[in-house]
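Protein chains in written order, with this note's numbering: chain G, 1 to 630; chain B, 631 to 995.
If you are wondering where the hints come from, they were derived from the structure by calculation, not from laboratory data.
Be careful, since some hints might not be right.
From the structure, some residues in chain B lie toward chain G, with a derived Cβ separation under 8 angstroms [as the list claims (entries may be wrong)]:
id	residue
1	Thr859
2	Met873
3	Gln877
4	Leu880
Not close to chain B: a few residues of chain G, all C-beta gaps over 12 angstroms, as computed [unchecked claim]:
id	residue
5	Leu21
6	Ala25
7	Arg53
8	Gln61
9	His94
10	Arg185
11	Ser213
12	Pro243
13	Val397
14	Asp509
FRET-style restraints, in silico, Cβ to Cβ [stated by the list, open to error]:
id	chain 1	residue 1	chain 2	residue 2	range
15	B	Leu825	G	Arg152	36 to 42 angstroms
16	B	Ser822	G	Glu125	52 to 58 angstroms
17	B	Ala773	G	Ala29	52 to 58 angstroms
18	G	Ala29	B	Leu823	22 to 28 angstroms
19	B	Gly683	G	Pro154	39 to 45 angstroms
20	G	Gly194	B	His831	20 to 26 angstroms
For clarity, every value in this text was computed on a predicted model and none was experimentally measured.
Here a beta-carbon is modelled for each residue, glycine too, at the ideal position from N, C-alpha and C.
What follows is each chain in one-letter form.
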Amino acid sequence: MRRPTPLKNLDRELAGFHGRLKVGAVFVAILATLLLARGFYLQITQHDYYTGRAESNRISQVPIAPNRGLILDSKGRVLAENYSAYTLEVTRGHIGNLETTLTKVGKLIEITPGQLRRFRRLLAESHEFETVPLKSKLSDEEVAILAANRYRLPGIEVKARLFRNYQAGHGMAHVVGFIGRINDRDLKRLREAGREENYQGGAHIGKTGLEQSYETLLHGRTGFDQMETDSSGRAVRVLSRIPPVPGKDLRLYLDRDLQEVAEHVFGEYLGGLVALDPNTGGVLALVSKPGFDPNLFVDGIDPETWKSLNESPDRPMVNRVLRGIYPPGSTIKPFMALAGLELGLRKPSDAINDPGYYSLPRSSHQYRDWKKGGHGVVDLSKSIAQSCDVYYYRLAVDMGIDRMHDYLAQFGLGEKSGIDLDGESAGLLPSREWKQRRFKQPWYPGETVIAGIGQGFHLTTPLQLAVATAMIANGGKRIEPRLVQSVRDPLTRAWQAQPVATRKQLAIDPDNLAAVRAGMMAVMQPGGTASRAAAGAAYTIAGKTGTAQVVGIKQGARYDAGSLARKHRDHALFIAYAPVENPTIAIAVMVENGEHGGSTAAPMARAVMDYYLTGKRPGNMNLGAIDATE
Amino acid sequence: MPQNSHWILRRLGHLDGILLTLVVVLLGVSLAMVASASGQSPARISGHLINIGLALSVMVVMANVPPHILSKVGPPLYVAGVTLLIGVALFGEIRNGARRWLNLGFAFQPSELLKLALPLMLAWYFQRNEGGLRGKHFWVGGALLLVPFLLILRQPDLGTALMIGASGFYLLFFAGLSWKVIAGGGALAGASLPLVWILMHDYQQRRVLTLLDPTSDPLGDGYHIIQSTIAIGSGGLFGKGWMQGTQNQLDFVPERTTDFIYAVFGEEFGYVGTILLVGLYLAIVARGLVIAARAPTLFGRLMAATLSLNLFTYAFVNMGMVSGILPVVGVPLPLMSYGGTAFITLLLGVGIIMSVATHRQLNKT
Numbered sequence: 001m002r003r004p005t006p007l008k009n010l011d012r013e014l015a016g017f018h019g020r021l022k023v024g025a026v027f028v029a030i031l032a033t034l035l036l037a038r039g040f041y042l043q044i045t046q047h048d049y050y051t052g053r054a055e056s057n058r059i060s061q062v063p064i065a066p067n068r069g070l071i072l073d074s075k076g077r078v079l080a081e082n083y084s085a086y087t088l089e090v091t092r093g094h095i096g097n098l099e100t101t102l103t104k105v106g107k108l109i110e111i112t113p114g115q116l117r118r119f120r121r122l123l124a125e126s127h128e129f130e131t132v133p134l135k136s137k138l139s140d141e142e143v144a145i146l147a148a149n150r151y152r153l154p155g156i157e158v159k160a161r162l163f164r165n166y167q168a169g170h171g172m173a174h175v176v177g178f179i180g181r182i183n184d185r186d187l188k189r190l191r192e193a194g195r196e197e198n199y200q201g202g203a204h205i206g207k208t209g210l211e212q213s214y215e216t217l218l219h220g221r222t223g224f225d226q227m228e229t230d231s232s233g234r235a236v237r238v239l240s241r242i243p244p245v246p247g248k249d250l251r252l253y254l255d256r257d258l259q260e261v262a263e264h265v266f267g268e269y270l271g272g273l274v275a276l277d278p279n280t281g282g283v284l285a286l287v288s289k290p291g292f293d294p295n296l297f298v299d300g301i302d303p304e305t306w307k308s309l310n311e312s313p314d315r316p317m318v319n320r321v322l323r324g325i326y327p328p329g330s331t332i333k334p335f336m337a338l339a340g341l342e343l344g345l346r347k348p349s350d351a352i353n354d355p356g357y358y359s360l361p362r363s364s365h366q367y368r369d370w371k372k373g374g375h376g377v378v379d380l381s382k383s384i385a386q387s388c389d390v391y392y393y394r395l396a397v398d399m400g401i402d403r404m405h406d407y408l409a410q411f412g413l414g415e416k417s418g419i420d421l422d423g424e425s426a427g428l429l430p431s432r433e434w435k436q437r438r439f440k441q442p443w444y445p446g447e448t449v450i451a452g453i454g455q456g457f458h459l460t461t462p463l464q465l466a467v468a469t470a471m472i473a474n475g476g477k478r479i480e481p482r483l484v485q486s487v488r489d490p491l492t493r494a495w496q497a498q499p500v501a502t503r504k505q506l507a508i509d510p511d512n513l514a515a516v517r518a519g520m521m522a523v524m525q526p527g528g529t530a531s532r533a534a535a536g537a538a539y540t541i542a543g544k545t546g547t548a549q550v551v552g553i554k555q556g557a558r559y560d561a562g563s564l565a566r567k568h569r570d571h572a573l574f575i576a577y578a579p580v581e582n583p584t585i586a587i588a589v590m591v592e593n594g595e596h597g598g599s600t601a602a603p604m605a606r607a608v609m610d611y612y613l614t615g616k617r618p619g620n621m622n623l624g625a626i627d628a629t630e
Numbered sequence: 631m632p633q634n635s636h637w638i639l640r641r642l643g644h645l646d647g648i649l650l651t652l653v654v655v656l657l658g659v660s661l662a663m664v665a666s667a668s669g670q671s672p673a674r675i676s677g678h679l680i681n682i683g684l685a686l687s688v689m690v691v692m693a694n695v696p697p698h699i700l701s702k703v704g705p706p707l708y709v710a711g712v713t714l715l716i717g718v719a720l721f722g723e724i725r726n727g728a729r730r731w732l733n734l735g736f737a738f739q740p741s742e743l744l745k746l747a748l749p750l751m752l753a754w755y756f757q758r759n760e761g762g763l764r765g766k767h768f769w770v771g772g773a774l775l776l777v778p779f780l781l782i783l784r785q786p787d788l789g790t791a792l793m794i795g796a797s798g799f800y801l802l803f804f805a806g807l808s809w810k811v812i813a814g815g816g817a818l819a820g821a822s823l824p825l826v827w828i829l830m831h832d833y834q835q836r837r838v839l840t841l842l843d844p845t846s847d848p849l850g851d852g853y854h855i856i857q858s859t860i861a862i863g864s865g866g867l868f869g870k871g872w873m874q875g876t877q878n879q880l881d882f883v884p885e886r887t888t889d890f891i892y893a894v895f896g897e898e899f900g901y902v903g904t905i906l907l908v909g910l911y912l913a914i915v916a917r918g919l920v921i922a923a924r925a926p927t928l929f930g931r932l933m934a935a936t937l938s939l940n941l942f943t944y945a946f947v948n949m950g951m952v953s954g955i956l957p958v959v960g961v962p963l964p965l966m967s968y969g970g971t972a973f974i975t976l977l978l979g980v981g982i983i984m985s986v987a988t989h990r991q992l993n994k995t
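So here's chain G without its partners, still in its complex pose (with noise of 0.2 angstroms):
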């Protein structure tokens, strides 16, 4: 083969170069429009989707807590109010090693064993970015000592926090409640509610009482800094604010001073006094004892102190006005007694032989009356002011269950009363339909004899009682009992009254009504049941004291206070208003194991009234010492 000339290859690589280069060139040119390409999608195609990205990533949403609404009493006194405090807080997902820093800052400032306990209990049930408090409250050495040692302790914080004080304590706990962290449950019920944004930045919610069923309205809005904030979450500035709306503040038909005395009448007792405005329903008093201090709660309550009160035999945690649920006892007769006028049944004149004791026709099984022997005759108004067992007997069996019912159901006796506090009992108002549903049972005559006189099935909380005998004080306006008497908008300042609410006027002949009022004033007199707890007062009063019991007697058997347990004993019941001619406070005062409404109960309504109405401060409490009568 013969070997080209070198000139002559060296012509032919040059052109071959040149073509090369045109190659070349053509392949830059493509690697360029991919470029390009890529740029015009990114930045002309998506650019809209790119922006919105770069917004999201610099722009964060910081949520600013409102200020929750004031509690005040009714002459504006504060109840439930805020403060700012320093708290530790340690963040998990940011400390390195939990225990260690947990002894580093148990060596910086005392850590008690409850607020480890509560921290070890808080830390379970948060997230792991989240922040837990350990210690609230922090003093001025405190936040000091902490500053300075900031750097050796990631992901611990010290921050200003909005705190919630009860200065009432134990004494408003079962009308104020208290505030708690949110939990997931109070979290999955915001989110079915559509509010969790207005929690955001906040770390509390109303958890019982007032804090719990106002809070909407106590709440507020949550406001947001619009901030710029860099990669690391740092903020660089804020960009815009919507500033958040306080909470509203709330005024009280309660008075702090007489709800003092409520809680004071009761001295060693447990059990619920409820005092009513009749005209308005407005809620003067509310007394469950015993009662707890709200302001463990509010940032924590640690598991030892919870469990105290949890398992405690005396159950402080139960409102007893609102849930606690006993059988009415003779409470019910004035309400049987109008029943029985406006029925047709019984003329206010018509009076009884009472034996003692009461049997329904062919059966010789006697109902007994409370008083061995009987009452001699019996009209109305001393069944009611003695009490009289059998009158009421009788007119049960007359009236019958189902009449019995009906008549008693208009006084909202086995229905929610509607007051403004979460939780309430219905309590139960028992008839033929109810018996059958729940016990798949008929009616016996026999259960018809004992309703007369408030026992068997029947149940009434505290509430109901004062309820009813508000009806009887206004002339049966139907009134719901509410806490809150008046909202003050944060802005404006300006209070707005809250709707009275009535659910219906009932109508009843005056003269019947003038009948029972009567017998409930002739209670509370010489020959009465509770003349003791009214001797000397200023005013007129209208009662009925009650008795519930808390263990069956067996037929033949006699109640024996002396032979049994205190927890065994009687529950003490009494209702009443006054001043007659114009009522002005209705109450039902309810004492666990206080064994005589005339003795136990009657006198601490009286001390309420005597309060309300004439400004008297009770003197020292001596129940149970006047002679029992029932």
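Dock chain B against chain G, hints included.
Then chain B, alone, in the frame of chain G:
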């Protein structure tokens, strides 16, 4: 060309005015971008100025070295580079799981040396055999390419190996490598892709997967790509303005003075900026190819064409990576990214192109 440019060119000797202008414009843009990306850090800006000054000096010196002398440097530089690579394989320091560094009193990456040594060596070889190039010369050229390529590949440093492999391939291509071989090699490479995948290291595989779906690892490998594409895309047509890019200024774009500087540029100057930047690189390459076309020697032709194409390849790989069409490999944006070594290597290359452009007389070796 303005009057004062002529003056500068005369004083500095063998410089190509067009190329110099283009490079200086690009360096100006680079300075502005480093200033913006570093948050106007005085240390970064002055460091960058020093790098630019140093690299420009090296370029001027290089431009004044005649090509026939340059070509003689090829073989010793190549031998030294390959020796050092073997040294790395035997005694190299391991950092981040790769054996790339050699401790010569200072940490040194011999693979950087090969970026110029390999083209120089190949160009020298083909120049020597000018006029009689046959198949065997390309086999030898291929072997000269494969030795450093494989040594760097097993460090492992896939990115650098491919870039150096590309520069060698460009040179063989411009020297007239047969299309049949190119087609065959391409087919072979395509067929061996699955095998390459199997041989890839975990982190390399992950990078490729992340490219295909950055959201699969948004806080790890995908984070870079996600944030840089957000930056570029949010720039829109005209960009957010110099120093106004939020992705940049608020620290969302990582490595933004170095490998990801194009994300900052794209965010602040938009698509218009992208077109101008790509245009600038194209102009540099075009000038380099024109110089190659006019070069009197095979060595000059091959070096100018290869180095030009190589520069654009770097730009393409970097911008492709930052805009999310290529996997993340540690390749800086040429003449833009902050960094001393890369700047010097690149301007050395530009200096060589200028030397080719300005030494028109035939200097046969």
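Mind checking the hinted window 20 to 26 angstroms against the Cβ distance between glycine 194 (chain G) and histidine 831 (chain B)? Violated, at about 51 angstroms.
Could you check the hint for me, namely that glycine 683 (chain B) and proline 154 (chain G) are 39 to 45 angstroms apart, CB to CB? holds (43 angstroms)
Proline 243 (chain G) remote from chain B - nearest C-beta pair above 12 angstroms: holds (25 angstroms)
Does leucine 880 (chain B) meet its interface restraint, that is, does its C-beta lie within less than 8 angstroms of any C-beta in chain G? holds (4 angstroms)
Is it the case that serine 213 (chain G) keeps its Cβ farther than 12 angstroms from each residue Cβ in chain B? Given a closest Cβ separation of 44 angstroms, the condition holds.
Range agreement (Cβ of arginine 152 (chain G) with Cβ of leucine 825 (chain B), hint 36 to 42 angstroms): violated (54 angstroms)
Serine 822 (chain B) and glutamate 125 (chain G), beta-carbon distance inside 52 to 58 angstroms? For glutamate 125 (chain G) against serine 822 (chain B), whose Cβ atoms are near 57 angstroms apart, the range 52 to 58 angstroms holds.
Non-interface claim for valine 397 (chain G): all C-beta distances to chain B beyond 12 angstroms? Valine 397 (chain G) is indeed farther than 12 angstroms from all Cβ atoms of chain B, at 80 angstroms.
Verify the interface restraint on methionine 873 (chain B): the C-beta must sit less than 8 angstroms from at least one C-beta of chain G. Violated: closest Cβ of chain G sits about 14 angstroms from methionine 873 (chain B), beyond 8 angstroms.
Taking 12 angstroms as the cut and beta carbons as the points, is alanine 25 (chain G) off the interface with chain B? violated (6 angstroms)
Hint check: 8 angstroms Cβ-Cβ cutoff, threonine 859 (chain B) to chain G: holds (6 angstroms)
With 12 angstroms as the threshold, tell me whether arginine 185 (chain G) passes as away from chain B on beta-carbon distances. holds (32 angstroms)
Going through the hint list in order, the structure does not satisfy hints 2, 5, 6, 7, 15, 17, 20.
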